[in-house]
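Student: Spelled out, the chains give:
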Amino acid sequence: MAEGSYVRIEGLKRYFDVSPPWLVRVLEGKPRQIVQAVDGIDIEIAKGETFSLVGESGCGKSTVARLVVGLYPPTAGRIEFDGNDIATRRGQGAHSALRRRLQMIFQDPFASLNPRWRVFDIIAEPIRAFGLSKDKADLEKQVGDLLRQVRLTPADGAKYPHEFSGGQRQRISIARALASRPEFLVCDEPTSALDVSVQAQILNLMMDLQRRLRLTYLFISHNLAVVYHISTRVGVMYLGRLVEEAPTDTLFRRPKHPYTRMLLDTIPDLDMTGRQRAPVAGEVPSPLNPPSGCSFHPRCPFANERCTVERPKALPIEGGSVACHAIEEGRLAIEDRSYAARG
Amino acid sequence: MAGNVPLLEVKNLRVEFPTRRGTLLAVDDVSFEIAPGEVLGVVGESGAGKSLTGNAIIGLLEPPGRIAGGEVRLEGQRIDNLPYEAMRKVRGARIGAIFQDPLTSLNPLYSVSRQLVETIQTHLPLSAREARARALDLLKQVGIPGAEQRIDHYPHQFSGGMRQRVVIALALCAGPRLIVADEPTTALDVSIQAQIIALLKKLCRENGTAVMLVTHDMGVIAETADRVAVMYAGRIAEIGPVRDVIKNARHPYTRGLMGSIPSLGVRTERLTQIDGSMPRLTEIPAGCAFNPRCTARGERCLVERPDLMAAGASRAACWLHDARGVGMPVPLAREAAHG
Numbered sequence: 003m004a005e006g007s008y009v010r011i012e013g014l015k016r017y018f019d020v021s022p023p024w025l026v027r028v029l030e031g032k033p034r035q036i037v038q039a040v041d042g043i044d045i046e047i048a049k050g051e052t053f054s055l056v057g058e059s060g061c062g063k064s065t066v067a068r069l070v071v072g073l074y075p076p077t078a079g080r081i082e083f084d085g086n087d088i089a090t091r092r093g094q095g096a097h098s099a100l101r102r103r104l105q106m107i108f109q110d111p112f113a114s115l116n117p118r119w120r121v122f123d124i125i126a127e128p129i130r131a132f133g134l135s136k137d138k139a140d141l142e143k144q145v146g147d148l149l150r151q152v153r154l155t156p157a158d159g160a161k162y163p164h165e166f167s168g169g170q171r172q173r174i175s176i177a178r179a180l181a182s183r184p185e186f187l188v189c190d191e192p193t194s195a196l197d198v199s200v201q202a203q204i205l206n207l208m209m210d211l212q213r214r215l216r217l218t219y220l221f222i223s224h225n226l227a228v229v230y231h232i233s234t235r236v237g238v239m240y241l242g243r244l245v246e247e248a249p250t251d252t253l254f255r256r257p258k259h260p261y262t263r264m265l266l267d268t269i270p271d272l273d274m275t276g277r278q279r280a281p282v283a284g285e286v287p288s289p290l291n292p293p294s295g296c297s298f299h300p301r302c303p304f305a306n307e308r309c310t311v312e313r314p315k316a317l318p319i320e321g322g323s324v325a326c327h328a329i330e331e332g333r334l335a336i337e338d339r340s341y342a343a344r345g
Numbered sequence: 066m067a068g069n070v071p072l073l074e075v076k077n078l079r080v081e082f083p084t085r086r087g088t089l090l091a092v093d094d095v096s097f098e099i100a101p102g103e104v105l106g107v108v109g110e111s112g113a114g115k116s117l118t119g120n121a122i123i124g125l126l127e128p129p130g131r132i133a134g135g136e137v138r139l140e141g142q143r144i145d146n147l148p149y150e151a152m153r154k155v156r157g158a159r160i161g162a163i164f165q166d167p168l169t170s171l172n173p174l175y176s177v178s179r180q181l182v183e184t185i186q187t188h189l190p191l192s193a194r195e196a197r198a199r200a201l202d203l204l205k206q207v208g209i210p211g212a213e214q215r216i217d218h219y220p221h222q223f224s225g226g227m228r229q230r231v232v233i234a235l236a237l238c239a240g241p242r243l244i245v246a247d248e249p250t251t252a253l254d255v256s257i258q259a260q261i262i263a264l265l266k267k268l269c270r271e272n273g274t275a276v277m278l279v280t281h282d283m284g285v286i287a288e289t290a291d292r293v294a295v296m297y298a299g300r301i302a303e304i305g306p307v308r309d310v311i312k313n314a315r316h317p318y319t320r321g322l323m324g325s326i327p328s329l330g331v332r333t334e335r336l337t338q339i340d341g342s343m344p345r346l347t348e349i350p351a352g353c354a355f356n357p358r359c360t361a362r363g364e365r366c367l368v369e370r371p372d373l374m375a376a377g378a379s380r381a382a383c384w385l386h387d388a389r390g391v392g393m394p395v396p397l398a399r400e401a402a403h404g
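Protein sequences, first through last, are from chains A and B.
Using the working numbering, the letters of the first sequence correspond one by one to residues 3 to 345.
Using the working numbering, the letters of the second sequence correspond one by one to residues 66 to 404.
A portion of the hints provided could be inaccurate.
To be verified - Derived, one-sided and incomplete: chain B residues facing chain A with beta-carbon distance under 8 Å:
1. 257
2. 311
3. 325
4. 326
5. 332
6. 338
What the hints assert, rightly or not - DMTMM-like mimics (lysine to aspartate or glutamate), calculated; alpha carbons at most 25 Å apart, straight line:
7. B:205 x A:285
8. B:266 x A:58
9. A:161 x B:340
10. A:161 x B:348
If you're looking for bench data, these hints aren't it; they were derived computationally from the structure.
Note that beta-carbon positions come from the ideal geometry of N, C-alpha and C, so glycine has one too.
Please construct the entire structure, taking both the sequences and the accompanying hints into account.
Tutor: Structure representation (structure tokens):
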């Protein structure tokens with residue numbers, strides 16, 4: 003794994019200061035408040051892979067995406083991309099060359115496209131910004147090709163975003179992300195604003211493009227079934243930490259961490275196998291005041307004394323890793339899960 | 066399905082929006098029934114008219130939308146033409162409503178107890194003390210821990226899942242016979258979703274309340290509903306027992322929809338996809354509204370609009386199930402693939 007890793011994230015942390023204003027703190031004696039949105043995460047992604055991060059809202063998965071593309075500077079930790087550290091941002095030249103190779107697709111195709119720009123200009127922007135076209139004719143050809151690549155027509159370039167449906171807009175954002183000929187795409191919930199039949203179109207398109215252009219994806223989603231289809235490896239996040247990470251099949255066949263098992267249990271059973279869903283009690287605690295020890299312990303049926311005080315370390319197991327005392331001590335058996343194939 | 070008189074009967078319901086450029090028909094000739102204690106799922110993609118159908122039933126269509134035809138009967142009584150005040154009495158007392166966003170369906174300025182007590186006293190002849198006792202009871206029923214303390218809290222002090230429980234308690238205030246739930250779990254995290262679904266199911270079983278569950282999430286339907294209606298472009302494409310619709314879909318749209326949902330267990334190179342997208346209301350094609358995306362279409366589909374007809378255990382609006390069939394096959398044009 004180590005030598006093949008193309009993107010390597012080490013000890014990544016991002017804290018947000020959400021304290022009340024200084025005057026309020028002084029007058030009312032309120033303390034500083036820090037949200038540990040991402041609290042020490044290690045990820046390695048090999049070239050051509052899709053690494054997915056799953057978790058519930060507030061677990062920090064979108065913050066990781068934003069850190070990786072550099073929309074936020076990290077509080078601590080390293081983000082290495084093809085051997086270059088991109089977390090410490092110094093200078094322009096070499097850095098902008100790296101930026102070109104790394105692009106992002108956002109969740110909401112209604113908010114991420116400038117409504118006053120024509121689609122042509124939206125897609126041409128990265129090409130112009132990085133100086134990737136020789137002349138106007140070349141630019142037009144490139145944009146036309148990009149539109150065709152996402153199964154729109156070059157004539158669509160003359161339209162404005164509002165003339166398109168949600169799925170078509172997401173195609174436009176994909177075309178824009180591909181415009182600078184990137185190698186690594188960070189996709190933050192790219193299909194969760196879309197209807198299922200359109201979601202299937204976009205997922206198929208993304209998988210086609212990955213094969214054709216040898217793209218590497220960091221895919222952020224809360225939908226486990228989507229993640230199962232698109233990923234090579236999956237990381238499960240809970241309250242800013244990675245609780246389990248494994249190759250997709252291992253994670254879904256032999257989930258280890260109790261939180262992963264719980265998430266898998268919540269997937270609705272479309273195959274009507276009569277499997278009972280056991281809804282887990284409790285909710286994600288506030289990241290302002292995370293529980294001590296293992297942050298999942300208040301909801302975990304297997305928690306004991308140790309879990310409430312000591313934070314579990316990531317333990318390598320079956321090609322992945324899991325951070326859980328119950329697994330480490332052998333208190334919790336690892337079982338195979340079976341899924342019915344849809345008839 | 067118990068009883069011969071359906072609890073809710075919707076017949077040829079039409080909802081239209083007058084606009085400057087002509088009238089848009091958003092719900093077109095929709096008919097269905099809900100038996101007492103039954104959960105009917107209504108699924109469809111955005112713009113299919115499922116929420117409008119729900120809103121039309123509870124009399125909360127946003128103007129200029131209006132019911133242009135058909136009738137809605139609750140326990141045999143017509144409710145679609147009731148004056149505003151009379152409808153207010155029906156809504157809340159006999160029909161409860163749960164909306165998607167629990168934050169906007171609660172008043173942020175009133176404590177939960179005040180909102181519950183107000184609703185209870187509007188519909189039931191109870192004293193303030195009795196109403197409060199009932200409110201507390203309801204909060205316990207929907208599983209809010211420490212209900213005694215939390216009853217006087219304000220909505221912002223509850224988490225999303227807890228807020229949705231409060232909204233459910235509000236809907237249950239007067240012991241309605243029917244609950245119209247519009248995307249009740251969409252705004253929630255998956256683990257909370259499962260809790261809310263389990264709660265809804267439990268309450269229906271215990272109180273014999275019927276539910277019209279409007280959602281885009283087939284998984285929620287599969288878990289909760291007895292029967293399901295699949296809507297497309299303002300019409301019902303298929304309606305039948307949930308098992309049949311999911312496992313043995315009769316309408317090509319339902320089949321495509323089911324195939325496009327990623328499932329665990331089988332990893333395929335590609336998901337089944339339906340090319341194109343649902344037509345806008347201004348450009349609904351002639352014949353079957355699904356024909357520009359349908360791989361099984363024939364000449365007849367381009368000109369004649371199918372009504373619901375028997376198809377196995379379900380009913381589907383598709384000429385494939387008619388004795389005369391679809392006619393000469395018409396392959397899809399290449400352009401249709403541009404989604």
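Student: Could you run down the list of hints and mark each one as holding or not?
Tutor: Going through the hints against the structure:
no.	hint	result
1	257	holds, 6 Å
2	311	holds, 6 Å
3	325	holds, 4 Å
4	326	holds, 5 Å
5	332	holds, 6 Å
6	338	holds, 4 Å
7	B:205 x A:285	holds, 18 Å
8	B:266 x A:58	holds, 23 Å
9	A:161 x B:340	holds, 21 Å
10	A:161 x B:348	holds, 19 Å
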